[in-house]
Amino acid sequence: MDDLSAHLKAVTRVTFLFMSLCCIAWALLPDYESWWGGLMIGGAASLVNARLLGWKVTKIGANAAVQGTKRMNIGFFTRACIALLAVVIATQTYTFQLSATVAGLFVAQLATLILGFLSRRKLMASNPTDERGEK
Amino acid sequence: MGALALVAAAIVFGLGALGAGIGNGLIVGRTVEGISRQPELRGTLQTTMFIGVALVEALPVITLVLAFIFLGKS
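Residue numbers (numbering that gives the first Met the number 0), protein chains in the order written: chain A, 0 to 134; chain B, 0 to 73.
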């Protein structure tokens, strides 16, 4: 039942690892601070977006499981506004690179994709047949 | 240049939102249908939906930022 929360925890861990690597890179290569700062702000915004999406998906799943008739959304507008806020903070408040911020916005998505493939592969290796007993 | 930048922003965000809307609708619809049929698979289906929606929404986020860059240059 809590596949999604485990997946979200792994995504959070990977994103924090990425941001800490950016901190180390900022310390080692301060000439490129606008790039590292942009990547960190984008990574933080993408983590917030991923957690928000996970919360929404859980709510939609719970509603579907009880055959609820409540109308729900997946909150794209909120996530788009968070991404835009990150870009505005990075480019207007600080002088970070816009392209680095936009690249940082996809760290959590990339982590989601890679961790999803890895967990799927692990699942297939541990259970080589499907529920009907077929390969 | 100004009017063309506005048109470019409208086209880039409109097409991105159109594609993401269709994709999200398909993903969420099939997931809700699957959970309604088999509630015991809710965890697996939710994870698949999360991965799918996260990937689909990467495109409109890029187009939104691009649209605002175009608007800023108009």
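No lab work stands behind these hints: they were computed from the structure. Careful, some of the hints might be misleading.
[As the list claims (entries may be wrong)] Not everything, but these chain A residues come out facing chain B in the computed CB check (under 8 Å):
| id | residue |
| --- | --- |
| 1 | V13 |
| 2 | L28 |
| 3 | T57 |
| 4 | I59 |
| 5 | G60 |
| 6 | I73 |
| 7 | A79 |
| 8 | L104 |
| 9 | I113 |
| 10 | G115 |
| 11 | L117 |
| 12 | A124 |
Cβ atoms here follow ideal geometry from the backbone N, Cα and C, with glycine treated the same way.
Given L117/A as an interface hint, is the shortest Cβ-Cβ distance to chain B below 8 Å?
-> violated (12 Å)
Proposed interface contact between A79/A and chain B, which counts if any beta carbon pair is under 8 Å = This hint holds: A79/A lies near chain B, its Cβ roughly 5 Å from the closest one there, short of 8 Å.
Once the shortest beta carbon distance from G115/A to chain B is found, is it less than 8 Å?
-> holds (4 Å)
Does I73/A meet its interface restraint, that is, does its C-beta lie within less than 8 Å of any C-beta in chain B?
-> holds (6 Å)
Status of the hint placing A124/A at chain B (closest C-beta pair under 8 Å) = violated (16 Å)
For the hint on I113/A, just tell me whether its beta-carbon gets within less than 8 Å of chain B.
-> violated (10 Å)
Does the CB of T57/A sit less than 8 Å away from some CB of chain B?
-> holds (7 Å)
Would you settle whether the hint for I59/A is holds or violated, based on the nearest Cβ-Cβ distance to chain B being less than 8 Å?
-> This interface hint holds because 7 Å falls under the 8 Å limit.
Interface hint status, G60/A versus chain B (Cβ within 8 Å) | holds (4 Å)
Chain B contact restraint on L104/A - CB to CB distance below 8 Å = holds (6 Å)
Does V13/A pass the interface hint, meaning its C-beta sits closer than 8 Å to a C-beta of chain B?
-> Where the cut-off is 8 Å and the nearest Cβ of chain B is about 13 Å from V13/A, the hint is violated.
Hint check: 8 Å Cβ-Cβ cutoff, L28/A to chain B | Constraint on L28/A not satisfied, violated at 25 Å.
Violated hints for the displayed structure, listed by number in ascending order: 1, 2, 9, 11 and 12.
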